[in-house]
Amino acid sequence: MLKLNMRILLLLLLSSASFADAIYKLGLGSCIDQDYPTPAWKSLKEESIDAFFFLGDNIYGDVPSGRLDNIEISYKKFNEQMPNWLKNTEKMAIWDDHDYGLNDGGESYIFKDISQKLYNDAWNISKDDPRRFREGIYFSEIKEISGKKVLFVGLDTRYFRSNLIKIGNSYKPHKNLNTTILGSAQWRWLEKELSREYDLVILATSIQVLATEHRFEKWSNFPHERNKLLSLLNSIDSNVLIISGDRHRAGFYKTGNIYEFTSSSINKGLFPSYETDSLLLGNTHTQNNYGIIEFHKNSLLLFIKDENMNVLESLEIPLK
Numbered sequence: 005m006l007k008l009n010m011r012i013l014l015l016l017l018l019s020s021a022s023f024a025d026a027i028y029k030l031g032l033g034s035c036i037d038q039d040y041p042t043p044a045w046k047s048l049k050e051e052s053i054d055a056f057f058f059l060g061d062n063i064y065g066d067v068p069s070g071r072l073d074n075i076e077i078s079y080k081k082f083n084e085q086m087p088n089w090l091k092n093t094e095k096m097a098i099w100d101d102h103d104y105g106l107n108d109g110g111e112s113y114i115f116k117d118i119s120q121k122l123y124n125d126a127w128n129i130s131k132d133d134p135r136r137f138r139e140g141i142y143f144s145e146i147k148e149i150s151g152k153k154v155l156f157v158g159l160d161t162r163y164f165r166s167n168l169i170k171i172g173n174s175y176k177p178h179k180n181l182n183t184t185i186l187g188s189a190q191w192r193w194l195e196k197e198l199s200r201e202y203d204l205v206i207l208a209t210s211i212q213v214l215a216t217e218h219r220f221e222k223w224s225n226f227p228h229e230r231n232k233l234l235s236l237l238n239s240i241d242s243n244v245l246i247i248s249g250d251r252h253r254a255g256f257y258k259t260g261n262i263y264e265f266t267s268s269s270i271n272k273g274l275f276p277s278y279e280t281d282s283l284l285l286g287n288t289h290t291q292n293n294y295g296i297i298e299f300h301k302n303s304l305l306l307f308i309k310d311e312n313m314n315v316l317e318s319l320e321i322p323l324k
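Quick note: the sequence shown uses our numbering, first residue 5, plus one each step.
Source of the hints: derived by calculation from the structure; they are not laboratory data.
A couple of the hints might just be wrong.
Stated by the list, open to error - Cβ pair distances, simulated, as ranges: (1) ASP73 <-> ASN312: 33 to 41 Å; (2) GLU111 <-> ARG200: 24 to 32 Å; (3) LEU285 <-> ASP133: 32 to 40 Å; (4) ARG138 <-> GLU76: 18 to 26 Å.
Here a beta-carbon is modelled for each residue, glycine too, at the ideal position from N, C-alpha and C.
Start from the sequences, fold in the hints, and give me the full structure.
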């Protein structure tokens, strides 16, 4: 009897130790064409992720007219092709232009309210969620992970964004301080959310914040908005990680104590091309890829992996 009790006690101790050492894994990615095969889903299943964050361009349903017929069809196809394991996995999502409904679209997009309803329905947003009755798809939630309070914030960089300035094939920075990315209501909301108690904030934005040297969409096309965001993030006494998509290339970026993890694209990769930035850590990667964030007690481990699970780049971020 004593041997049996000792055996049970040993099993319980091993079980609790295993649970204590369990690593929470967040998958992330962007730019998923519902008409293309997605080998990354098989790899992500093997990763045994706890949740997945869709960072925009989660479907490609936009047409030049901005009409939404194709958005509905694309969401339907995307849902039909989503593997069962992913349907049963916790998901968070923001949109970018191709699931918003208009390439590089912003606040002047005339179908944005209908598009928001389609988004809410496609992602099964609950009927009492603020996204059902306010403008924009921004959201937040706090999770207890590895003994820390983690604040997840998803921004809407489309619904309120002022028109872009385009010269040739490049977007140029605004000098008009009245232009915006988030809009006044979302800014007030963000400031309030960041005043909550937490140990780590993971801020999701479809377009890049830290990179400034490429010609495409980015926060630095609105320098005053980028400065405002970085000032706000620098003012909080918690760890900060920005996650972003859009670029069809993946990479890690850093300024001060603020890190950014760009994960793009899941199945719409580009031919190899070189790009750098003064805030880039390591290299960028244009092949199909996804991101993994492992939450450990004292650090985050970040991985850029190709669709076959090969590590392309990794980074450890110490936590306060």
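Now for the hints, and whether the structure bears them out:
1. At about 35 Å, the beta-carbon gap between ASP73 and ASN312 stays in the expected band of 33 to 41 Å.
2. For the pair GLU111 and ARG200, the supplied restraint of 24 to 32 Å holds, since their beta-carbon distance comes to about 27 Å.
3. The hinted range of 32 to 40 Å is satisfied by LEU285 and ASP133, whose Cβ atoms lie roughly 35 Å apart.
4. A hinted range of 18 to 26 Å holds for the C-beta pair ARG138 and GLU76, which are about 22 Å apart.
The structure meets every hint from the earlier list without exception.
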